[in-house]
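**Student:** Each chain, written out:
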Amino acid sequence: MSDVVLEARDITRTFMISSGFMRGKRPLHAVNGVNLKLQRGEVLALVGESGCGKTTLAKMLLGLLPPTNGTLELDGQPLGSLSHLEIARIVQPIFQDPYSSLNPRKSIGSIITLPLQVQGDKDPSTWRQRAEEIMELVGLPRRVYNNFPSQLSGGQRQRVAIARALINRPRVVICDEPTSALDVSVQSQILNLLQDLRQELGLTYLMISHNLAVVEHMATRIAVMYLGRIVEEGDAETVFNNPQHPYTEALLGSVLTPDPSLGVPDTHLGAAYPNPLDMPTGCSFHPRCAKMMPQCKQQAPRPIPTESGHVECNLYEDDQGKMRMTS
Amino acid sequence: MTERILEVENLTIDIPVPSGILHAVQDISIHVDRGETLCIVGESGCGKSLTSLAIMDLLPKKAIRQAARLELADESIFGISERRMSDIRGNRMSMIFQEPMTSLNPAYTIGDQLTEALRRHRKVSRGEAKDRAVFLLEKVGITAAASRLGQYPHQLSGGLRQRVMIAMALMCGPDLIIADEPTTALDVTIQAQILHLLAELQREFNMGLILITHDLGVVARIADRIAVMYAGQIVETGSAAQIFTEPLHPYTRGLLDCIPIPGKTQRGAHLGAIPGIVPSLVGQMPGCHFASRCPLVDDHCLAGAVPLFDHRDTNRSIRCLRADNEDTQKISQEGVA
Amino acid sequence: MTDVTKSSGASQGGSILSSGLDDILEPSPGSLMRKRIFGHTGLVIGGGVLLIILLMAILAPVISPGDPYDQDLSRKLIPPVWHESAKVTWDHPLGTDLLGRDYMTRIFYGARISLLIGFAAMMISGLIGTTLGVLAGYFGGKVDMVVNFIITTRLSLPVVLVALAVVSLIGSSLTVVIWVLGLLIWDRFAVVMRSATQQVRGLDFVAAAQSLGCSTRHIILSEIMPNVANHLIVIATIEMAHAILLEAALSFLGLGVQPPDPSWGLMIAEAKGMLFFDAWLITIPGVALFALVLSINLLGDGMRDVTAPENRN
Numbered sequence: 001m002s003d004v005v006l007e008a009r010d011i012t013r014t015f016m017i018s019s020g021f022m023r024g025k026r027p028l029h030a031v032n033g034v035n036l037k038l039q040r041g042e043v044l045a046l047v048g049e050s051g052c053g054k055t056t057l058a059k060m061l062l063g064l065l066p067p068t069n070g071t072l073e074l075d076g077q078p079l080g081s082l083s084h085l086e087i088a089r090i091v092q093p094i095f096q097d098p099y100s101s102l103n104p105r106k107s108i109g110s111i112i113t114l115p116l117q118v119q120g121d122k123d124p125s126t127w128r129q130r131a132e133e134i135m136e137l138v139g140l141p142r143r144v145y146n147n148f149p150s151q152l153s154g155g156q157r158q159r160v161a162i163a164r165a166l167i168n169r170p171r172v173v174i175c176d177e178p179t180s181a182l183d184v185s186v187q188s189q190i191l192n193l194l195q196d197l198r199q200e201l202g203l204t205y206l207m208i209s210h211n212l213a214v215v216e217h218m219a220t221r222i223a224v225m226y227l228g229r230i231v232e233e234g235d236a237e238t239v240f241n242n243p244q245h246p247y248t249e250a251l252l253g254s255v256l257t258p259d260p261s262l263g264v265p266d267t268h269l270g271a272a273y274p275n276p277l278d279m280p281t282g283c284s285f286h287p288r289c290a291k292m293m294p295q296c297k298q299q300a301p302r303p304i305p306t307e308s309g310h311v312e313c314n315l316y317e318d319d320q321g322k323m324r325m326t327s
Numbered sequence: 001m002t003e004r005i006l007e008v009e010n011l012t013i014d015i016p017v018p019s020g021i022l023h024a025v026q027d028i029s030i031h032v033d034r035g036e037t038l039c040i041v042g043e044s045g046c047g048k049s050l051t052s053l054a055i056m057d058l059l060p061k062k063a064i065r066q067a068a069r070l071e072l073a074d075e076s077i078f079g080i081s082e083r084r085m086s087d088i089r090g091n092r093m094s095m096i097f098q099e100p101m102t103s104l105n106p107a108y109t110i111g112d113q114l115t116e117a118l119r120r121h122r123k124v125s126r127g128e129a130k131d132r133a134v135f136l137l138e139k140v141g142i143t144a145a146a147s148r149l150g151q152y153p154h155q156l157s158g159g160l161r162q163r164v165m166i167a168m169a170l171m172c173g174p175d176l177i178i179a180d181e182p183t184t185a186l187d188v189t190i191q192a193q194i195l196h197l198l199a200e201l202q203r204e205f206n207m208g209l210i211l212i213t214h215d216l217g218v219v220a221r222i223a224d225r226i227a228v229m230y231a232g233q234i235v236e237t238g239s240a241a242q243i244f245t246e247p248l249h250p251y252t253r254g255l256l257d258c259i260p261i262p263g264k265t266q267r268g269a270h271l272g273a274i275p276g277i278v279p280s281l282v283g284q285m286p287g288c289h290f291a292s293r294c295p296l297v298d299d300h301c302l303a304g305a306v307p308l309f310d311h312r313d314t315n316r317s318i319r320c321l322r323a324d325n326e327d328t329q330k331i332s333q334e335g336v337a
Numbered sequence: 001m002t003d004v005t006k007s008s009g010a011s012q013g014g015s016i017l018s019s020g021l022d023d024i025l026e027p028s029p030g031s032l033m034r035k036r037i038f039g040h041t042g043l044v045i046g047g048g049v050l051l052i053i054l055l056m057a058i059l060a061p062v063i064s065p066g067d068p069y070d071q072d073l074s075r076k077l078i079p080p081v082w083h084e085s086a087k088v089t090w091d092h093p094l095g096t097d098l099l100g101r102d103y104m105t106r107i108f109y110g111a112r113i114s115l116l117i118g119f120a121a122m123m124i125s126g127l128i129g130t131t132l133g134v135l136a137g138y139f140g141g142k143v144d145m146v147v148n149f150i151i152t153t154r155l156s157l158p159v160v161l162v163a164l165a166v167v168s169l170i171g172s173s174l175t176v177v178i179w180v181l182g183l184l185i186w187d188r189f190a191v192v193m194r195s196a197t198q199q200v201r202g203l204d205f206v207a208a209a210q211s212l213g214c215s216t217r218h219i220i221l222s223e224i225m226p227n228v229a230n231h232l233i234v235i236a237t238i239e240m241a242h243a244i245l246l247e248a249a250l251s252f253l254g255l256g257v258q259p260p261d262p263s264w265g266l267m268i269a270e271a272k273g274m275l276f277f278d279a280w281l282i283t284i285p286g287v288a289l290f291a292l293v294l295s296i297n298l299l300g301d302g303m304r305d306v307t308a309p310e311n312r313n
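Residue numbers (the working numbering), protein chains in the order written: chain A, 1 to 327; chain B, 1 to 337; chain C, 1 to 313.
Simulated from the structure, these hints should not be mistaken for laboratory data. A couple of the hints might just be wrong.
Partial list, derived from the structure: chain A residues whose beta carbon lies under 7 Å from chain B [claimed, not checked]:
#, residue
1, V184
2, L191
3, H210
4, P260
5, V264
6, D278
Computed cross-link-like contacts, EDC-like style, restricted to lysine to aspartate or glutamate with a CA-CA straight-line distance of at most 20 Å [stated by the list, open to error]:
#, chain 1, residue 1, chain 2, residue 2
7, B, K139, A, D121
8, A, K25, C, D261
9, B, K264, A, E73
Cβ atoms here follow ideal geometry from the backbone N, Cα and C, with glycine treated the same way.
One chain only, chain A, in its complex shape (with noise of 0.2 Å):
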């Protein structure tokens, strides 16, 4: 059953920025070293503040991107071997605001037919209808077939872009803030939906999101990245329950669940989200951690393995770390 759809091992993606006239350029590591397994069937959360590089990795494993070191395996063949089209034909993205991701010259129908024109479909006789059934399947009436997108409401629009990425049977799905631009009411419809298309037709998510009340609603595992790095990753349970990095701690007692006996909790991170130009040295988090330790500064930390995944902290290299781990 744990059959793996795809995996990325140790890849990073460094940009040349250039810092200004005749100085030069330097690099900015988006993705820094990253591992990550997608089980078929589970819904992986990529969870981190704007500029972690989440965008950046959902790029590479979309293939829009190629990793500037690493591999990158889609059901176990190697990204770069496969063409475009093979790997439209098993990923596909889900895009946050419905409002950019459909083009306002084209007709719903020929939106979302357009991944059987791509793929040279042999039997376009066929499309109409493959078109009017995965409409159904995501709850579009048959009468908007011929409509265009700015007539269609915002949520009407992101099950247009479902249809649009699903029409194909792709295995794994990545969502980037499927819901995020919708309003709260529309929003548990989109998720609903994605709940139901998941158990029908058998699909992976990896969501990436910054709403963590939707993640831990959704999610079977989770991976939390930080400047570029995952530093902690393990079953949903497991680390909302017990989060093991100071980061995630911090991220989840910033949730504002809807219960008025509660304030605004004080997350004590400081504003500052680092220039990742210029990144801090040792433990990357150091400098906004509650739980700083002189060595921090230095010693950057390693994977530890914990209970479900694994941990990048150096509060964990010593036995009390150990010890708060089992218990």
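Chains B and C: place on chain A using the hints.
**Tutor:** Then chains B and C, alone, in the frame of chain A:
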């Protein structure tokens, strides 16, 4: 004895559109006391942002604003000249917008923008204004405040910019701050910090605060009182505890069912949903605005406009004919179970 | 309950509020566009005048009172019919020129030359500028740098002087004028298309097409081009008017269309000696040129208004 900062009675905003009149905001009455936080919550298009713009008299020109009463600290600010209004705006009440990048002028330094309002409204020297700016930047948690005065907005991160916006809103020591989705564009960690800061400053400076948001988590944590808006109307008001522990209006209940609550909602289970869409506000709408999506609707709901009733609990009102009878209680219990 | 949903659903017309499932909220973009086009006064007037001039040019052989090249020195300098002169005749409603050629006929045939040069030069420059601009905007990086360099080089060449130099070097003809103008005025196309493409390229639907495995050709032609076409139309009208004015200027200087071909610029040049005696000789082609350029500009402005993003949803 609390002091009333803002009193709005029967505020109505109509916007002429090609297909008729858009009744964007209908008959809104709200009030804010000194030291109190009122949250206006609702989905996009419900009129919550227009309400705040109407209070600041910053509506687009073609919008028609009407009100029975619009008073800031017992002084009417309705129908006064633009000149007097601009004396009040940024001085006795100020506003914080969602997108700090677009509300700061990229061509001027932080220092220029912070001191400008104070120097315009009060007769203070450049030095005094600068001192106040440094004082407030430190208050909003910005380190090395004095050196920040010479920086431009693009040199700051999103969280820092929003802090600068808050400092700017506080420059003249206003009685009332209106914050329109102040944390929506920010990361979760920064969001918590900014809200924390807002709540702290409000207590310290003893101001009234109106927070406009769609995020029920934010509302629950920061609000003293809540007004829930739907399709241009207030459908329910009450204290935060009242609204969240015992929501009465079917819309409020539907909204609360829609969001996953860690620890409460079963993981992976179906979330609640509100079927249907928000009705068009163009033209007259007989009956309850929520009728087309309401599970409790009956003939009475469609017969005529539904007024905002005072509820038997104190300081609470609800715009629904059906929410408070036995039937409803039964359904709401079923919904929970 | 179902009845309620239906009845209120029926009353929902165009709405700026939307969040649900089941209703088409807006009329189709096509019908909205038609409504806006016919509601725009400048656009309708510009389009109307341009249509009249176009008909004049196309139907010139049919509707002209004479032949544009037939000289009759015995009938030279007959004033137009509204003149208080004994010579006026309805045989020549707009009079005759210095060589006795029918002025109305020459105006009609002149419209052909102006429109031909304007259109052809615009097509050539549009092709060059759009290709360069779209490629630079889409690929960015080195391609963008190269294109920017070409644009800057082009902008440092003064159009009229280069046109003068080329025409005086290789001689003048209709074809030469078209090519010279076409190869010189593509800069605005390139600049506007570049920034428009950059904007559209950053939108998620382009990323969606990429992750569907679409070819770059497909993405540029069928995802990006339809979304920058509105800018293209506006620039095309501006550049067409620009080319027409440049042709008139070149012809006036004797370096454009050569006599005896009836170009409006040339007609103005031929009549400049008569400015104080027979002003109508200059006024008539001048007014024609003015009307043509104004109508094209009105059309372009109108197109910009009706396709501007703030007019869309």
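**Student:** Each hint should be assessed against the structure and marked as holding or not.
**Tutor:** Comparing the hints with the structure gives:
1. V184: holds, 5 Å
2. L191: Because about 6 Å separates A/L191 from the closest Cβ in chain B, which is inside the 7 Å limit, the hint holds.
3. H210: holds, 5 Å
4. P260: holds, 4 Å
5. V264: holds, 4 Å
6. D278: Violated: closest Cβ of chain B sits about 13 Å from A/D278, beyond 7 Å.
7. B/K139 x A/D121: violated, 63 Å
8. A/K25 x C/D261: violated, 60 Å
9. B/K264 x A/E73: violated, 38 Å
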